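Can you make the complete structure from the sequences, with help from the hints?
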Amino acid sequence: MNDRYDAGSAGYGADQYELVGYDEYGQPVYRQVQAQQPQRQTYDPYTQQHQQGYGYDPYAQQGQQSPPAYDYGTGGQPAAPDYGSYDPYGGATHQGGAAQGAPHDPYGQTAPGATGRQPRVAEQTAHIPQQAGPDHDREAPAEPHREYHTEQFAFVEEPDANSEDVIDWLKFTENRTERREEARRRARGRFVALVVVLALVVAGGAGYLWYAGKLPGLSSQDSKAGTATAAGAQKRDVIVVHLHDTKGGGTSTALLVDNTTTERGTTVLVPNSLALTSDDGTTTTLAKSVEDDGSDGTRDALDTVLGTDIEGTWRLDTPYLQNLVDLVGNIDVDTDAEVPDPAAKKKGEAPLVNKGRDQTLSGKMAVAYATYRAPGEAQNAQLERFGQVMQGVLRKMSSDPQAATTTIQTLAQILDPSLTDKDLGTFLAGLSDLAKGGDVKTDLLPVQNDGTLSAQASARVVKNVLGGTAKSPDKDAAVSVSVQNATGVKDNTEKARVVLLNGGFTFLEGGTGTARTTSQVVYADAADKANAAEVAKTLGLSAGSVTKGKTSGSADVSVVLGQDYEPSSG
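This note's numbering applies: residue 4 is where the sequence shown begins, and numbers increase by one.
Simulated from the structure, these hints should not be mistaken for lab results.
Just so you know, these numbers come straight off a predicted model, no measurement behind them.
Hints are not guaranteed to be accurate.
Subject to a maximum C-alpha distance of 25 Å in a straight line, what follows is the list of computed SDA-like cross-link-like pairs (lysine to any residue) [said to hold, decoys possible]:
#1 K291 x G390
#2 K444 x E387
#3 K250 x F194
#4 K399 x T423
#5 K551 x T517
DEER-style ranges, computed between Cβ atoms [said to hold, decoys possible]:
#6 D339 x T264: 30 to 38 Å
#7 K350 x A530: 28 to 36 Å
#8 T445 x G514: 27 to 35 Å
#9 K238 x Q459: 23 to 31 Å
#10 S457 x K238: 49 to 57 Å
#11 Q412 x T264: 42 to 50 Å
For glycine and all other residues, C-beta sits at the position ideal for the given N, C-alpha and C.
Below, the structure is given as structure tokens:
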């Protein structure tokens, strides 16, 4: 702030002031008018008078002259400088030949040590009224006080043109940071999802390998200790079912397995060619054992070969199967063949069972489909149809043990003494509950041509499904028979195989030869002459067809089937 003198200061109370102009900041500047001055000078804003103390420069340093004042009443010419005017910063004045350096009181008082009173300056620069007077307790300031006004800082209130740009930049950087964080979160989410999917795939693959018996550490080559632990950890209930075809002859066998540990069920289809050991220690087949040894002998033989524990035998003749299907309210099966009606009198009539998906079968239709075997088909094809019928029955059977027991009792069939109506009904109710949930599957026991079980069967079915260990009879215990088909009918090989296996012989495939009219049975060792004669009898060939000669491969007896072979007689 400019330190101008207050009108009420000592020595100036009766003086008059007049406006002489504006300084560079737009502030009015006054000067003192002496009482003896005859006339007042007029104000001319464009005229300057060069007077001491006029035109106060707030930034003037001590000892510097102020800009010349203009006399507005003299036509704009600068007035003659008066060096005796008042110096606000305490410097010496020159007036009327006064000595330089005389002490001067800025407020009009005589400085200490000066002689006489210093006369008042005629043209002393005025100050703005109502401003605070000088501080008498301090000396002259080192720098002039500056007076600031609002208009000098107008830029503070003016809007900054770059402020919007700054805000936009902050928003941009914030949005970019958020986008980066969001991208990182999405990347982490995708990574976690990928890890979960891979874990599920690995777990599913391991589960499938375990179920299929291909998981390392659970194969047939594992140690016996590991096998016993894995099998012993699961509890299984096993019942064997023998379907007897009372009209067409023959039997079909299946094992019903309820694994209460894994809560899964399995229908294991057992081919009739499976080699078993009979009660007298000789080798026989499953089909022959069912007819000769009955239920008890066959169950024991199966336990020996499969290493399992069968709890009971269910003999199911075809009439009882028909009644069972009717009692449960028909079944739905995906049939793989058309089955002709056995009661049809004319050829070409509509089939009893149509081929297709979701075919509804009554009791009569179910029996016809379960026992059907097309010309030239292997026995396994018919066995698989029997498995489809059993699967359909399990799905339609009641899951309530009491209701299932009532259904079995309604059949009025005579069961094996080891299996009661209640036991069978409860067992079938448990499997029915699993079958309705899709947890019952069907497996075919892979039996080799010689009737023995392969290593694959031991790992996949015998061990994993039945929890046992395969132990086929010694191959040397049965007479091996090689059969070459020279009849010109392809189906005759399969028919001869079934007959020989049922007769307790080991069948070896000899291929197809040039058609010939007569059959021949050859043996190489004299000790096998009796075996050759038995083979000819089993196949329905004459005793004259037996001759000594060279056998093929490792077979004990070689057979060449001619056109005189009649399968029906075997």
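Comparing the hints with the structure gives:
1. Between K291 and G390, the direct Cα distance comes to roughly 21 Å. Compliance with the 25 Å bound is thereby established for this hinted pair.
2. Between K444 and E387, the direct Cα distance comes to roughly 12 Å. Compliance with the 25 Å bound is thereby established for this hinted pair.
3. About 65 Å separates the Cα atoms of K250 and F194, which puts this hinted pair outside 25 Å; it is violated.
4. Pair hint K399 plus T423 holds up; C-alpha atoms about 21 Å apart against a cutoff of 25 Å.
5. A C-alpha spacing of about 21 Å is found between K551 and T517, which places the hinted pair at or below 25 Å, so the restraint holds.
6. Checked against the given bound of 30 to 38 Å, the beta carbons of D339 and T264, roughly 33 Å apart, stay inside it.
7. Evaluation of the 28 to 36 Å hint for K350 and A530 yields a failure: the beta carbon distance comes to about 51 Å.
8. Judged by the Cβ atoms, the range 27 to 35 Å given for T445 and G514 holds: they are separated by roughly 32 Å.
9. For K238 paired with Q459, a C-beta distance near 25 Å keeps the hint of 23 to 31 Å intact.
10. Our hint of 49 to 57 Å for S457 and K238 is violated, since their Cβ atoms are close to 27 Å apart.
11. Separated by about 30 Å at the C-beta atoms, Q412 and T264 break the suggested range of 42 to 50 Å.
Violated hints, listed in ascending order, are 3, 7, 10 and 11; each of the other numbered hints is respected by the structure.
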